[in-house]
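Note that our numbering has the sequence shown beginning at 1, numbered continuously upward.
Treat the hints with care, since some could be wrong.
[As the list claims (entries may be wrong)] Straight-line C-alpha distance at most 25 Å; calculated BS3-like pairs for lysine-lysine:
#, residue 1, residue 2
1, Lys-268, Lys-195
2, Lys-12, Lys-194
3, Lys-258, Lys-246
4, Lys-268, Lys-164
5, Lys-258, Lys-164
6, Lys-138, Lys-53
7, Lys-138, Lys-159
8, Lys-12, Lys-243
9, Lys-243, Lys-195
10, Lys-281, Lys-268
11, Lys-268, Lys-159
12, Lys-125, Lys-281
13, Lys-195, Lys-254
14, Lys-246, Lys-138
15, Lys-281, Lys-138
16, Lys-258, Lys-243
17, Lys-258, Lys-268
18, Lys-195, Lys-258
19, Lys-164, Lys-12
20, Lys-159, Lys-281
21, Lys-254, Lys-164
22, Lys-254, Lys-243
23, Lys-12, Lys-138
In case anyone wonders, no lab produced these hints; they're calculated from the structure.
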Amino acid sequence: MGEALMGKIDLKVSASIVLYENDRREVEHVIHCCLQATEIGKLYLIDNSRENKQQEYTFDERICYVHNGRNLGFGAAHNVAITASINNFDYHIVVNPDITFEPHIISVMVSYMEEYTNIGSLMPKILYPDGELQRLCKLLPNPLNLFARRFGIPGAWRKLINSKYELQMFDYNQIVDIPNLSGCFMFIRTAVLKKVGGFDERYFMYLEDVDLVRRIGREARTVFFPSVSVYHAYQKASYKNLKMLKFHVVSAIKYFNKWGWVFDKERKEKNRDTLLRLESKQR
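Work out the full structure, taking the sequences as your base and the hints as a guide.
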């Protein structure tokens with residue numbers, strides 16, 4: 001497996017998709033989106049499913065399929081690809097299997113990252129399949145953001161909590177630094193990944209993207225880039241499935257144990273600066 005993973009490619013970008021009992025048609029669709037982008041030199045399919053599907057998915061020489069045989073979790077599985085690609089590529093993209101995009105967006109994002117070398121992570125505009133905006137630019141969470149809003153605090157207070165945390169005042173039409181960007185499509189500079197490491201594998205699922213973007217933000221800019229868009233089905237599984245809800249709650253506890261429940265100076269400063277930045281852009 002090591003030789004297959006570590007082959008040197010001259011192209012600038014690698015990408016990884018983590019699979020777990022996914023619909024084959026959905027997976028093949030996102031694979032083709034990635035392969036149509038000529039800048040992507042290697043696409044890693046890291047499969048946590050029970051069944052080995054290497055023959056189904058290795059239909060292109062740029063695909064590297066790794067079957068784990070057990071569910072490592074989201075971050076740990078992506079780390080398999082990150083470890084393999086980090087010395088061979090300038091950029092790595094974390095892609096959800098329910099993502100769709102036009103191939104030209106990769107070259108646009110590469111060009112922007114090449115121009116602004118102080119950016120560590122870039123997130124494009126994320127849309128639902130019908131074109132509706134997904135508000136995935138957020139502040140760094142506090143316990144109230146995650147627990148109160150998830151378990152249904154009613155009325156105006158909940159609306160106020162959501163409005164500030166989800167940056168409802170932001171129109172999503174400007175390039176801006178944001179401290180909390182979604183993990184459904186993460187365009188990351190590998191030089192920064194070398195400094196901060198990959199995903200924290202203590203999170204089985206949920207909050208690992210918040211944690212990684214936060215660590216990247218200590219070394220470089222983390223930027224929302226609305227010049228290009230991707231489409232994301234966005235299942236919100238933890239709102240529908242008790243097992244996924246348990247993963248979400250456990251990850252939230254681990255996140256706040258690591259970064260601080262009440263006393264988190266960095267969170268306070270980052271969120272304050274973000275709100276001031278957005279207010280100045282709305283004037």
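Now for the hints, and whether the structure bears them out:
1. Lys-268 to Lys-195: Holds - the C-alpha atoms of Lys-195 and Lys-268 are around 24 Å apart, at most 25 Å.
2. Lys-12 to Lys-194: 16 Å, holds
3. Lys-258 to Lys-246: 18 Å, holds
4. Lys-268 to Lys-164: 13 Å, holds
5. Lys-258 to Lys-164: Holds, at about 23 Å.
6. Lys-138 to Lys-53: 36 Å, violated
7. Lys-138 to Lys-159: OK: Lys-138 and Lys-159 at ~15 Å, within 25 Å.
8. Lys-12 to Lys-243: 38 Å, violated
9. Lys-243 to Lys-195: Roughly 34 Å between the alpha carbons, so the hint for Lys-243 and Lys-195 is violated.
10. Lys-281 to Lys-268: 20 Å, holds
11. Lys-268 to Lys-159: 20 Å, holds
12. Lys-125 to Lys-281: 18 Å, holds
13. Lys-195 to Lys-254: Roughly 22 Å separates the two Cα atoms, so the pair holds.
14. Lys-246 to Lys-138: 22 Å, holds
15. Lys-281 to Lys-138: 16 Å, holds
16. Lys-258 to Lys-243: 23 Å, holds
17. Lys-258 to Lys-268: 15 Å, holds
18. Lys-195 to Lys-258: Roughly 19 Å between the alpha carbons, so the hint for Lys-195 and Lys-258 holds.
19. Lys-164 to Lys-12: 37 Å, violated
20. Lys-159 to Lys-281: 23 Å, holds
21. Lys-254 to Lys-164: Holds - the C-alpha atoms of Lys-164 and Lys-254 are around 23 Å apart, at most 25 Å.
22. Lys-254 to Lys-243: 17 Å, holds
23. Lys-12 to Lys-138: Answer violated: Lys-12 to Lys-138 is near 29 Å, above 25 Å.
Comparing the model with each earlier hint shows violations of hints 6, 8, 9, 19 and 23; every other hint is respected.
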